[in-house]
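S.K.: Here's the letter readout for the chains.
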Amino acid sequence: MLGEFTKGLIRRNPIFVLMVGLCPALATSNSINNAFAMGMAATTVLLCSNVIISLIRKAIPRGVRLGCYIVVIASFVTMVELLMKAFFPPEVSEALGIFIPLIVVNCIIIYRAEDFASKNGLLASALDGLGMGIGFTGALMLVAVFREGLGSGTLFGLKWSMTYEPAAAMAQAPGAFLMLGLLLGLFKWLGMRKKVGEAG
Amino acid sequence: MDWSWGQLLSIIVSVTLVSNYVLSRFLGLCPFVNSSDRTDKAFGMGMAVTFVMTLASFVTYLLYTFVLRPDAPLFRSMLPDAMRPYGLEPVLRTVSYILVIASLVQLVETFMRKMIPALYKSLGIFLPLITTNCAVLGVTLLNTTDAPEELSLFLATFQGFFAGLGFTFAMPLMSGVRERLAQLPVPEPLKGAPITFICTGLMALAFLGFAGMA
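The listed protein sequences correspond, in order, to chains A and B.
Numbers 1 to 200, taken from the working numbering, label the letters of the first sequence in order.
Numbers 1001 to 1214, taken from the working numbering, label the letters of the second sequence in order.
Because the hints were derived from the structure by calculation, they are not lab data.
Treat the hints with care, as some may be off.
Derived pair list, reagent style DSBU-like, types lysine-lysine, alpha-carbon separation capped at 35 Å [unchecked claim]:
hint, chain 1, residue 1, chain 2, residue 2
1, B, K1114, B, K1041
2, B, K1121, A, K119
3, B, K1041, A, K119
4, A, K195, A, K7
5, A, K119, A, K7
6, A, K58, B, K1114
7, B, K1041, B, K1191
8, A, K195, B, K1191
9, A, K188, A, K7
10, A, K85, A, K7
11, A, K195, A, K119
12, B, K1041, A, K195
13, B, K1191, A, K7
14, A, K188, B, K1041
15, B, K1121, B, K1041
16, A, K188, B, K1191
17, A, K119, B, K1191
18, A, K119, A, K159
19, B, K1191, A, K58
20, A, K85, A, K159
21, A, K194, A, K7
22, A, K188, A, K119
23, A, K159, A, K188
24, B, K1041, A, K7
25, B, K1191, A, K194
26, A, K195, A, K159
27, B, K1121, B, K1191
28, A, K119, A, K194
One-sided excerpt, in silico: chain A residues whose CB lies under 8 Å from chain B [as the list claims (entries may be wrong)]:
hint, residue
29, A27
30, P101
31, F177
32, W189
To spell it out: a stretch of chain A is covered by chain B in this simulated footprint if at least three of its residues, at any positions, have a beta carbon under 8 Å from a beta carbon of chain B; those stretches are [unchecked claim]:
hint, region
33, 13-26
34, 62-76
35, 103-115
36, 166-175
Backbone N, C-alpha and C define an ideal beta-carbon position, used for all residues, glycine too.
Between the sequences and the hints, there should be enough to build the whole structure, so can you do that?
M.R.: In structure tokens form, the structure reads like this:
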């Protein structure tokens, strides 16, 4: 049972291994704080939608299941959006902008609903959602550490060096694509080395 | 007439080049990465997306103006007093937009299968994927609730159409690069998605040059 939780962290990490949910990962990873806020919002939606879909999985007719999933997910996204506006500083929802409502079409959430929650029980689905969500948040923050460090010369908003000249492109779109490409390559390389190690 | 030629031109330049949905707004990356390995496939996906984006922009704009906005005429008298200043927008925006998009995609699919079977055969497999393409939901949000300045129905639909063209324009560019890459000795760990992202990064760097035009 614990395996359902830990598989999302590294072995089947949604960003680096499954490669789903890349749009928000690129858009909100320009600062560590944004990445964390986005990760938490997506984790909340993922956990709640997995739980509900797992509960109603036997009542949903197969033909309209995607429509049902989308309505469940969209309702939780609206709740998260309203809660964020009510309890978080306004900068947070301003920085994430349209990427909060866009959690609805985040492939991870639909993918976990279709692939896992619609076939498994309540506890397993909740653990799966939580693990995948935390893996997603961790991956986002890893990309953000590099992008914020290189692009703005700061970490968590604090300068990490007096002499470093920030490369602004890293905080903008090109840096996001480059950094994600390099990190995907790194993870693939680590995976390949491990496989060779196991075989030999 | 509530628009000018200058406005149209600035929308075209902005959504296709300066803030291209894929390369600088990060919208619609999943189909961009997954169906850009062959040029004909990339073009088909682009056309299908453009079609749905234009229709979705039109319908969600009407929905926003007549139902969701705080000053919208329909259902206004039925709202409880506490909700009047906000209208239905905060609670129903996301749910209603995604339902509009999902039903439009379904409608377009059925219509095409009956009326234009040849086009359906070439685009059919891409159609269901469009519902979860974040560029479509993205453009409807940027047309209405998250628009920097208020647009008219015509401008919103126009922006939807050209945002789709901008997407269509980026896809074959990428597939051209990828068809070449398939023949080259790329280091094993970088094969596939990683090298695609690195190339996209370089392309985005080139598109950053358009930012000076804004």
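S.K.: If you check each hint against the structure, which ones fail?
M.R.: 18, 19 and 26
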